[in-house]
Amino acid sequence: MLRVVASILAVSTSFAIAAVPPTPEGTLITKLLSTIGSDSSQPLSNANIAALNLKENAIYSQIAYCINPNKPAWSGSLCNLIPNFALTAAGGDDNTNAPNWYVGYNSNAKSVVVAFEGTETPEEWIDDDARWPLVTLDPRLSAGNHFPSYATHGFQNVWAVFADPVLKAVAALVNNPNPNAPVHKIQVTGHSLGGAVASFSALQMSLNFPKTPIQLTTFATPRIGSPDLAAWMLKNLGNNTIFTVYQRDPFVHAPPLDWAFSKYSHVGYELWNSTNVPLAVLCSGLENPSCSDSLWYWYLSDHYGPFYGLVMGNDTGRCQWPQDVILPQVSSMALPTPTASTPGIPFDVVYQTSVPVTTKTLVITLITLVGFPIFLRGIQLLRKDIPVPVTSTK
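The opening position of the sequence shown corresponds to residue 1 in full-length UniProt numbering, with each subsequent residue numbered one higher.
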C-alpha cells in the first residue's frame, strides 16, 4: 500500500498530464472515499449501486460474450434491457485468442459504450492471462514517457491487437458533429480478461480525449501491471475507475502482489461482494487488506458472479438471442451505412460458443482449476503474511 501511495505521489509531481473530468460515478466514489479511512471499507446502499450504473455495465460486459463480430446486431433479451442503443462497431475473432469487443452509443445516457469479452477457452488463459512478466508500457499509453516494467505482458498484448480500431470507432462518435448525439461520457467495461483489456483501453482514451469524462467499470479483473501503472492510471482517470470482486474469486488475485521479483497492483477501487448482503462494499486504497485481499482460499465458480444479479461467461443460454429481432437504431444519429462491422445485418445464426474438447483442452483445464489456487496459496505461505480467514456464507 505504501509503495502504491509513493508511486502516486511520484507520478503526480513528475508529469503535467491531468485527469479527465470526473464522471458522476467518479464524483460519487470521491465523496464516499472521503467518509472512510485508509484500508477500510463502507457498504454501498442500493441507491449508490444504482447511481454507479453497476448493473448496466454488467449487462454491457455480458453482451460482449454474445456479440458476433461478423454479423453484429443489438438484439435479444439482454439488449432489450438497454433500449435506444446504437451498435456502431464490433470486432474480435473467436477462432484466435483475440476476444470480441463492440462500441456503440446510448442516446438516453448520451454516452459512448466500449465493452470487451472475457476469457473463453483454457488455451486463451494460458496464452493471454498467464503471461505475467512486466514489460514496458506501450507508447500509445505513456504520453511520450518511457515506463519500463509497468504492464503485464499478456494483457497488454491482447489490448494491442485491436487498440487502434477500437479507438477509431470511439473517435467517430466523440467527434460526431451531430448536435442531436452529444457525448457526455465514455463508458468502458469488461469481465475477466475483458476487464484487463478495458483498463488499457480506458487509459488510451484518457490520453486521446482528455476533455471527455471516461468511466472504467470492470468485473473480476486481474492485476494488469505494477503499482507504478496503477498510479499512472489514477493520474489520468482520477477516481473514475472501479472494479467488482464477487466473494472468493481466485482469478482477481492473479498475478500475486509479489511474483518473480516484481510487484503488481489492481487499478482503481475495489467493490467487494463478500456475502451478498450488501451487494458490495467500497474499499479504500488500491490494494485493501480488509477486502478480497484478506482471503486465503477461493471458489473458482465465483469468477462468474453473479454480479448485481447477472451471471457472466461464455454460455449461449446467457445470451438468449432471438434470431428475428433487430432493435431500431437511434434515428437522430449520423451513423455510417451498415456493413459487416456495423448494425443492420440480421442475426441469422446462433452464436457459436462451443470449442472442441480435446485431450489438450482437458489437461490444461485440469491444471488451471487445480493448480492455480495451490500456486497462490504457496505464494502467501512464502510471504508469511496469511491474512485472518473471513467467514464464508457457502
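It should be emphasised that the hints constitute simulated quantities derived from the structure, not laboratory data.
Built from N, CA and C at the ideal position, the CB exists for glycine as well.
Hints are not guaranteed to be accurate.
Below, in silico cross-link-like pairs of lysine-lysine (BS3-like), each with a Cα-Cα straight-line distance of 30 Å or less [said to hold, decoys possible]:
(1) Lys71 with Lys31
(2) Lys31 with Lys55
(3) Lys110 with Lys211
(4) Lys168 with Lys71
(5) Lys168 with Lys211
(6) Lys71 with Lys211
(7) Lys55 with Lys110
(8) Lys168 with Lys263
(9) Lys110 with Lys263
(10) Lys168 with Lys110
(11) Lys55 with Lys71
(12) Lys168 with Lys31
DEER-style ranges, computed between Cβ atoms [to be verified]:
(13) Asp93 with Thr30: 13 to 23 Å
(14) Lys55 with Ser294: 22 to 32 Å
(15) Lys71 with Ser149: 18 to 28 Å
(16) Pro148 with Thr35: 17 to 27 Å
(17) Ile36 with Trp296: 21 to 31 Å
(18) Lys110 with Leu207: 14 to 24 Å
(19) Asn84 with Val277: 18 to 28 Å
(20) Lys110 with Asn208: 15 to 25 Å
Hint-by-hint comparison with the structure:
| no. | hint | verdict |
| --- | --- | --- |
| 1 | Lys71 with Lys31 | violated, 43 Å |
| 2 | Lys31 with Lys55 | holds, 21 Å |
| 3 | Lys110 with Lys211 | holds, 15 Å |
| 4 | Lys168 with Lys71 | holds, 19 Å |
| 5 | Lys168 with Lys211 | holds, 17 Å |
| 6 | Lys71 with Lys211 | violated, 33 Å |
| 7 | Lys55 with Lys110 | holds, 18 Å |
| 8 | Lys168 with Lys263 | violated, 33 Å |
| 9 | Lys110 with Lys263 | violated, 39 Å |
| 10 | Lys168 with Lys110 | holds, 19 Å |
| 11 | Lys55 with Lys71 | holds, 26 Å |
| 12 | Lys168 with Lys31 | violated, 34 Å |
| 13 | Asp93 with Thr30: 13 to 23 Å | violated, 39 Å |
| 14 | Lys55 with Ser294: 22 to 32 Å | holds, 26 Å |
| 15 | Lys71 with Ser149: 18 to 28 Å | violated, 41 Å |
| 16 | Pro148 with Thr35: 17 to 27 Å | violated, 38 Å |
| 17 | Ile36 with Trp296: 21 to 31 Å | holds, 24 Å |
| 18 | Lys110 with Leu207: 14 to 24 Å | holds, 22 Å |
| 19 | Asn84 with Val277: 18 to 28 Å | violated, 33 Å |
| 20 | Lys110 with Asn208: 15 to 25 Å | holds, 19 Å |
Of the hints listed earlier, those the structure fails to meet are numbers 1, 6, 8, 9, 12, 13, 15, 16, 19, in rising order.
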